[in-house]
Structures are given as C-alpha cells and as structure tokens.
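2 protein chains.
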Amino acid sequence: MKPGVRFQPIGVVRSPYKEPADLPPPAFAPPRFFERSAGEIEIFSDFAAGLDGLEGFSHIIVLFHFHRSGPAKLKVVPPGRSKPRGVFATRSPHRPNPLGLSVLRLLGRDGRVLEVSGLDLIDGTPILDIKPYTGRDRKSHIRTGWLQKKRRPGR
Amino acid sequence: MKPGVRFQPIGVVRSPYKEPADLPPPAFAPPRFFERSAGEIEIFSDFAAGLDGLEGFSHIIVLFHFHRSGPAKLKVVPPGRSKPRGVFATRSPHRPNPLGLSVLRLLGRDGRVLEVSGLDLIDGTPILDIKPYTGRDRKSHIRTGWLQKKRRPGR
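Chains as they are written, first to last, in the working numbering: chain L, 1 to 155; chain H, 1001 to 1155.
Simulated from the structure, these hints should not be mistaken for lab results. Check the hints yourself; a few may be wrong.
[To be verified] SDA-like, lysine to any residue: derived pairs with alpha carbons at most 20 Å apart:
#1 L:Lys139 with H:His1141
#2 L:Lys18 with L:Glu42
#3 L:Lys139 with H:Phe1033
[As the list claims (entries may be wrong)] Derived coverage of chain L by chain H (criterion: at least 3 residues anywhere in the stretch with Cβ under 8 Å from a Cβ of chain H; other residues may be distant):
#4 8-22
#5 53-66
#6 91-98
#7 121-131
All C-beta atoms in this analysis are idealised placements derived from N, C-alpha and C, irrespective of residue type, glycine included.
Please model the complete structure; the sequences and the hints are all you need to start from.
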C-alpha cells in the first residue's frame, strides 16, 4: 500500500439539501440558484479559535469530504453530456480521493458558525478545511475546455 | 477518535524548489515571481486516464498534502506581520488537516505529466486531487480582510 494521509473533520455543513438528488447539477440549475442558496458551516469547538480573522473575507474556500460519493471512476459522463471525460477534468464526486471544493460567499460569522451562500453541499457534509479566498485564486482570461461547448444561454 | 478519511497520493510535484525555505512567502516574492515559476506534476499511471480532457482548461486547482508542515496550530503569525490570525483565515501549511490548494496555469500535458506555471510547491509534494478551474471559482468584488491592510505598493 502506498503511503497515505488521514484527515479528520473539523466541522459539518447545515444545508437545506438533505440528499444528493436535492441539488441540481450546476449546468441545470435555474439562473441565480446557487447565489440564493444559503446555509451554515458549524466548526467543532476544538477548532473554533482557528476562525479568528476570517470574517474580514467576502469569500471562503471550503474543502470537504464527498461522503456520499460512489466508487471512484477514472472516466465520468458529466450531467447532460454524452462524451466521457477524465474525472480530473470534471468536478464529479466519484474521485480517487473524494475531496470536494466550493468557493462560498461568507455572509457572517457567529462564534464557530459561518453563514454562507452559494451553497452546493448537502446537509451533514464533513468539512476538512477552510481557507480565505484571495486575489491569487482569482484568475482572468480562463479557458474551460469541454465546459465551454454547448453552453446554455444566459450562463 | 472521530471518524476520519484516508487519502492516497495520485501524483507528485517536480519543482525547482527543493526545500520550504526556497519559496518566498507570496507577500515577499518579487513581482511576477510565481507567474514565472514553472514545474511539472506527474500523475501516477494508475490514475492517468483521469486526465483526459483536462488539456482544454487554462487553469487547474491542485489539492496537495503539506507533507513538510509542522504541528498544527490554531493561531499563526503570517510572514511579515505581528498579529496572530486564526489558521483558517490564512494559507499557512500548519493546519489541523495539512491540505494545500494552489490554482496553477496549465501550460500543457504530455501523457500523465502536466506542465504548469504559477508553481508555489516544493519538489516531492504529494498530489491528492486535480480539478478544472471554472467560472464558478472566479469571484468578483472580493474583500480579503487582514490581507488588504499594509499592502506593498504594486501588488
């Protein structure tokens, strides 16, 4: 066995979406769906001191465990598409390491609870890390490969 | 013990920086330092098929293990600062879960080797996941809290 690394949840998501099926794939979500989608991230008390200073940031990067994903696949067919793509060219949850990443808007902080919008996570999702979103994460003139084809109007 | 999750490296970084000390903190790097900083990410052959389609993206999100980090801290003093901040309000490697994230420019792909720039990782860093950088990761009108204070000119 190759050397691995073990991570422990530092918190949990409180979301109106209780099951994976409650969340539309981004390409099929109504306009502004995720913008309006709000919830909370509760950080466990052992880690609460690590949040100090986060409230000054408008956006946070949330790393989480895709705890409801199926077996890992190397090729996946994205929702609404017919051609399989390499899983690392998609944001599919069925990854060799089921690590998820979302950039969320930080609406406020009440102690160890973060109010967020842009939420695309289901209730109970284990949180592994929170990072501030900075200018270095914001790239211009991006190309988005297969995602750029067959775009729906208004997106 | 709380339930945890175990991840295995899917690849490794080939970088000109051999030690953590070889990399300047972003706030102290010369202008365009990271833009010019290039290297490779080698994905292990078991996972190579997962890369198909990634070459169409200009930027990738790389999740890695901070394998040279010290013990976790909840408060850290960022380089060049005097005030301690919660670790989740910083990009410090000394995190409860030593997970790192960099958004890199994808210059090209040669089989299971990705040529990248923007590299801020040391040689031998274990890679846990690669994701395409999409429009949903690009946020406008961001506020960056304590980072916005005491900015150096030209940054």
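Item to check | Hint check, failures only | outcome: none
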